[in-house]
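Participant: Please construct the entire structure, taking both the sequences and the accompanying hints into account.
Chains P and L, in that order, are what the protein sequence lines are.
Residue numbers are given in the numbering used here: position 193 of the first sequence equals residue 502, and the series is strictly consecutive.
Residue numbers are given in the numbering used here: position 171 of the second sequence equals residue 230, and the series is strictly consecutive.
Hints in this document: simulated from the structure, not taken from any laboratory.
Ideal Cβ placement from N, Cα and C applies to all residues, glycine included.
Treat the hints loosely; a few may be bogus.
Said to hold, decoys possible - Covered, in the sense of this in silico footprint (three residues per stretch, anywhere, with C-beta under 8 Å from a C-beta of chain P), are these stretches of chain L:
1) 91 to 103
2) 119 to 126
3) 178 to 188
4) 195 to 201
5) 218 to 231
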Amino acid sequence: MLGKSFAAMVTISFVFALVNGRVASLSGAILDGASKAVDLSVSLLGIMCLWGGIMSLLTYSGIIKQLSRILRPVLRFVFPDAFETGEGEEEIVACVSANALGLGNAATPLAVTAMKKMREASGSDTATDDMVMLAVLGTSSFNIFPSTLVALRRAAGSADPYRIVVPIWIVSAVGCVTAVILCRVMAPLTRRRPK
Amino acid sequence: MTEILSASVLPAILFLTGLIVLFSDRRAFDSFLSGASDGVRSAVGLLPSLCALIVAVEMLFASGFADFAAEALAPAFGALGMPPELLPLLVTRPISGSASTAVYTGLLEKYGPDSMTALIASVIMGSSDTAIYVISVYFSSVGIGRTRHALAASLLTMLVTIALSAFLCKLFFN
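Facilitator: Written as structure tokens, this is what we have:
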């Protein structure tokens, strides 16, 4: 996916620059881009280090487990089949909690394990309602503190890098609810009729 | 009020971590350190793909393509109350985290981090994810061929969050 995006952008740019007669300015942009990437990584390094440590500590202290306990009653309603059979239940709870804390890297392997268990339970290559729900929720997850964005805004010289946090909470909460409703509404439309 | 709340999240979380380290056993801080070094590793691991993609995004801007695309889609965007400069972000967001981060930092720099464009871009970045990428990873890793309404539902959700981001930012920050 990454390779294709890169290839598309680079080739389109070159052709466009040729047509517009701007090839000369491309070379400056390329050198700029490479050094910007380094600046960006350096400004992210500190916050990612700190955040990784905090999250690992929260996991160690059992706070993530507490969070799972709070989320369980809600998730039972969102994933009815998985909670009825118990297949993938633990992983779903852990995955949603990890997403909520902004632990994207930890959430993905948990989601994949949950998928595996649900897939074994269904025994078919068609996604079940709950599998679709997990994937769609995974793409619209609630995030308690957007640490990367705040770091980037600060690096860009923002007067108030935190300004965006509350709007992000509202929008992502609405996004999650929308995802659940859309999945519920669309599931019967794409269900395969029994023969 | 919301600004104070936003700015207190991080200090409050650090206060909490301080309390945890104070009141739990000695290995608590070790787990902090091991998580922190994972964080360093993933930040360093970002550099190669960020490098490739930021170069590509810079090329898109320098070649005039970004302006061309923004201009072509401006009427449709205007109808949604969306600044047309956001188009490259909306296109890259569902596909790749590094590519959209590259576009996002470009926007911060070009329009200033406190401009309306950058604020809307920030909220979009914070409330959506790489939908197409996530769905392909989740399903392909377990051999699911028919993903049914997964893609449609997540792209529709993203549309809702994008429209709401623009609306809320104008409400909050004007």
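Participant: Each hint needs a verdict: does it hold in this structure or not?
Facilitator: Here's how the hints hold up against the structure:
no., hint, result
1, 91 to 103, "holds (count 12)"
2, 119 to 126, "holds (count 6)"
3, 178 to 188, "holds (count 8)"
4, 195 to 201, "holds (count 6)"
5, 218 to 231, "holds (count 7)"
In summary, the structure agrees with every hint in the numbered list given earlier.
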